[in-house]
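J.: Here's the letter readout for the chains.
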Amino acid sequence: MTPMVNGKEVTVGPPLWLLAEITYACPLHCVFCYNPVDYTQHGPELTSQEWIKVLQDARAAGSVQCGFSGGEPLVRDDLEELVAEAHKLGFYTNLLTSGIGFTAERAKALKAAGLDHVQLSFQDSTRELNDFLSHTKTFALKQKAAQLIQENGWPMVLNCVIHRLNIDYIDKIIELAVDLGAEYLELANSQYYSWAQLNRDGLMPSREQLERAERVTNEYREKLGDKLRIFFVVPDYYETRPKKCMNGWGNIFLTITPDGSALPCHTAKMIKHIEFPNVKNTSVKDIWYESEAFNKYRGDAWMKEPCRSCDEKEKDLGGCRCQALMLTGDAANADPVCDKSEHHQLVLDAVSYAQIPDTKRVEVKPLVFRDPINSRKLSSQT
Amino acid sequence: MSTEDAVLHTTPALSPMFRLQWEEVQQAWVLLYPEGMVKLNGSAGEIIKRLDGKKNVIALIAELEKDFEATGLQSDVLAFLEIASKQGWVKT
Chain A
1 MTPMVNGKEV TVGPPLWLLA EITYACPLHC VFCYNPVDYT QHGPELTSQE
51 WIKVLQDARA AGSVQCGFSG GEPLVRDDLE ELVAEAHKLG FYTNLLTSGI
101 GFTAERAKAL KAAGLDHVQL SFQDSTRELN DFLSHTKTFA LKQKAAQLIQ
151 ENGWPMVLNC VIHRLNIDYI DKIIELAVDL GAEYLELANS QYYSWAQLNR
201 DGLMPSREQL ERAERVTNEY REKLGDKLRI FFVVPDYYET RPKKCMNGWG
251 NIFLTITPDG SALPCHTAKM IKHIEFPNVK NTSVKDIWYE SEAFNKYRGD
301 AWMKEPCRSC DEKEKDLGGC RCQALMLTGD AANADPVCDK SEHHQLVLDA
351 VSYAQIPDTK RVEVKPLVFR DPINSRKLSS QT
Chain B
1001 MSTEDAVLHT TPALSPMFRL QWEEVQQAWV LLYPEGMVKL NGSAGEIIKR
1051 LDGKKNVIAL IAELEKDFEA TGLQSDVLAF LEIASKQGWV KT
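Line by line, the protein sequences give chains A and B.
Counted from 1, the first sequence has number 69 at position 69 by my numbering; the numbering is strictly sequential.
Counted from 1, the second sequence has number 1047 at position 47 by my numbering; the numbering is strictly sequential.
Okay, chain A solo, but in the shape it has when bound (with noise of 0.2 Å):
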């Protein structure tokens, strides 16, 4: 479809990715989560029923990956009802699990439903985060988990957040996937958006950290081969060039939040400004082809100096709108992790504080970890 946007036409594809956040509900306290800093504010969350029609809708309008996410979905005890309905209606189903709840009952609940899919993260959820690999309950429930998955026949994708607590360990995060058994591991680098943004001084590694974790990592592809295929994700203020943020806004993404808001990422609503439809009153079809919000960053007329005459426009689409949010003040802004942005210094800035070593810091924040207390808190500072 082609629908018009700022004057001109644009081609737009189905929504081929939809990821159901169906709950901010969540065991853990993650520093590094993505879920909104005042998610105890947001209306309640969508029905059973809500939900089924959800995935009806997007099936109907092409979308045909189904990531099940959250918070933890497993707290929600419909999920296998909605996984039976996404499988029925033909999607490929992912689901996005800390493994807190994935009890062998549950498992094979799941793989009946037709569950394609489990991708388990290790999660520092403890408040005592250097304990974090060594922490035996920590350690077991991963391996009780990981066990239920190969005993159902999943294909097993491990995914780690990488951070600067955590990526010395690397070696040992590697080894651990090994011996649960994984086929794939990500190890991708905290993005710093909602708690993360606030946490960004404690979690950006050093330039250091950083080269010794891909020295380890490359010395352990070459060591394990087809074994474990691992993939590595460096913090995108270490490059000179944005990413193509979620291959683009309103593209190939489409996130329903637990109270059923429509966003093209997980984090847009960061951007205020936007009003973001609702699937209680607007079908997805109508969000994804005619919606003001999805429509607002398509194409390349919204952009502005430096992207707007850059020759390498269409490879990045000027990065992350909420990125350039975050530190512009204007989401239309050139992604400051382009060195071509005027704002690029303010990257360079976190970058550079990041090389200080914690001992040497004059003021250490304190991790502010992701619970309703603090999000209440930081919702009412707003």
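For the record, the hints were derived by calculation from the structure and aren't laboratory data.
List time: in silico DSBU-like cross-link candidates among lysine-lysine, alpha-carbon distance up to 35 Å: (1) A/Lys296 / B/Lys1039; (2) B/Lys1055 / A/Lys88; (3) A/Lys8 / A/Lys313; (4) A/Lys244 / A/Lys272; (5) B/Lys1054 / A/Lys88; (6) B/Lys1039 / A/Lys8; (7) A/Lys88 / B/Lys1086; (8) A/Lys227 / B/Lys1039; (9) A/Lys111 / B/Lys1055; (10) A/Lys223 / B/Lys1091; (11) B/Lys1049 / A/Lys111; (12) B/Lys1049 / A/Lys88; (13) B/Lys1086 / A/Lys172; (14) B/Lys1086 / A/Lys243; (15) A/Lys340 / A/Lys8; (16) A/Lys172 / A/Lys108; (17) A/Lys227 / B/Lys1054; (18) A/Lys313 / A/Lys272; (19) A/Lys315 / B/Lys1086; (20) A/Lys108 / A/Lys144; (21) A/Lys269 / A/Lys377; (22) A/Lys111 / B/Lys1039; (23) A/Lys269 / A/Lys111; (24) A/Lys88 / B/Lys1039; (25) A/Lys365 / A/Lys244; (26) A/Lys304 / B/Lys1039; (27) A/Lys53 / B/Lys1049; (28) B/Lys1054 / A/Lys111; (29) B/Lys1055 / A/Lys227; (30) A/Lys88 / A/Lys244; (31) A/Lys313 / B/Lys1086; (32) A/Lys223 / B/Lys1039; (33) A/Lys243 / A/Lys340; (34) B/Lys1086 / A/Lys108; (35) A/Lys269 / B/Lys1039; (36) B/Lys1086 / A/Lys144; (37) A/Lys340 / A/Lys269; (38) A/Lys280 / A/Lys111; (39) B/Lys1039 / A/Lys285.
Put chain B on the given structure of chain A with help from the hints.
T.: Chain B only, in chain A's frame:
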């Protein structure tokens, strides 16, 4: 036996990591895998949907030539199967 002959006698099947599916909205066959999708062109879809792990490549080519009233498909089919097995879509 040349490599080509050897391939002709294999019985390829879709890898269990992938699911083949017709997508009405895209008007295309797609391969689905954890958190990803490959959109196949028309001929790739026609080849992959005929793989069952039982028939060999000679029979596969014969079936395609019959269904599409065509001849001389062997080199195209072999070229595609080589790509498909490199990508891990197909196991022989």
